[in-house]
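Asker: Sequence:
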Amino acid sequence: MNESLVFRSWTPKDHALFTGEMTRTVSPQTSGAGLAPVMVVGAMGFVQLGVALSLPLAERLGSSSTAWLRLLFAAVFIMILTRAPWRSFSRAALLPLIGLGVATAGMTGFYLAAAQRIDLGLASAIEFLGPLCVAVALGTGRSRFIWPALAAAGVVCMTEPWQSSFDPTGFFFALAAGAGWAGYIIFTKQASGLLPGSQTLAFSLPIAALVMTLPGISGPGMGNFRPGDLLIFAALALINPVLPLMLELSALRRMKSAVFGTMMSMEPAIALLVGVLILSQSPSMVQVLGIGLVITATIATQLRSRHAVPAPRIPQDAGV
2 MNESLVFRSW
12 TPKDHALFTG
22 EMTRTVSPQT
32 SGAGLAPVMV
42 VGAMGFVQLG
52 VALSLPLAER
62 LGSSSTAWLR
72 LLFAAVFIMI
82 LTRAPWRSFS
92 RAALLPLIGL
102 GVATAGMTGF
112 YLAAAQRIDL
122 GLASAIEFLG
132 PLCVAVALGT
142 GRSRFIWPAL
152 AAAGVVCMTE
162 PWQSSFDPTG
172 FFFALAAGAG
182 WAGYIIFTKQ
192 ASGLLPGSQT
202 LAFSLPIAAL
212 VMTLPGISGP
222 GMGNFRPGDL
232 LIFAALALIN
242 PVLPLMLELS
252 ALRRMKSAVF
262 GTMMSMEPAI
272 ALLVGVLILS
282 QSPSMVQVLG
292 IGLVITATIA
302 TQLRSRHAVP
312 APRIPQDAGV
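In my numbering, the protein residues as written are 2 to 321.
Only true hints are included.
With beta-carbon atoms standing in for the labels, derived distance ranges:
hint	residue 1	residue 2	range
1	283	257	34 to 44 Å
2	165	257	40 to 50 Å
3	142	232	50 to 60 Å
4	197	223	34 to 44 Å
5	221	150	39 to 49 Å
6	57	219	20 to 30 Å
7	286	214	37 to 47 Å
8	229	162	34 to 44 Å
9	170	227	24 to 34 Å
10	162	93	44 to 54 Å
11	170	150	20 to 30 Å
Everything labelled a hint here was simulated from the structure, so no lab data went into it.
The beta carbon of each residue, even a glycine, is placed where N, CA and C say it ideally should be.
My request is simple: use the sequences and hints to build the entire structure.
Answerer: Below is the structure:
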């Protein structure tokens, strides 16, 4: 969510949709307000760091198995932290929660698979096309199509399809992760109307882990699994999504949600930086330009939706 419920899974981009119930009654605090931007940047950094640190495991175990184990530990930690009472579970929320779990699983698995094949910044920027399309689809007026066109130009610059290094598999995995994010937004909105935000998260993550169980267990690399890997996955789940979630909730208590959403649109830039520093990736200037175009389109859509009626907003996630 984000992979921020992240692994992108709950990148907790606990857009104000997901955390709305948890923060609705809390007005921005003046104390520590200067730390809020640092918290937002830190949350995005931990999300992408969690993905980067998962890549060696994905190479050994496979992306589906790695995503499954991350989701499994994340579900356990979030259930402990939220202490959601299962007796409050609503049957009416079952279908939205199943949809949310499937979307979360797809978002997590496909994003990690994409990050194995293309640069982290590129994967993040391409994934942002999902929420961008949702915001445009829910918007009004012809001008709303300007920004998707700009984002499309950015994607062409990022992927450089004219180069022999273009990886169509990684590109389509990132698009699939974006589709998962789009579904995540839609089902989150449905579920949050039936359950408090914290309970929605606590119920949907176990479903996501369950969805990934079969592909995770049957992954071709599970024969390489070692018992000590459990501690590594527990640490990765803390890095993403537990720490990002805590930082984002703290930031939302100190800054306006509109500012929070705009800052979260910068995540592809954070992913680019993590890719350069941690994974020694070296994107070309054309690719950097493409990422900038996608970020610009996302911010513009965010600002436009703030003044639209109705005002669709790109929820900012949590990513596994």
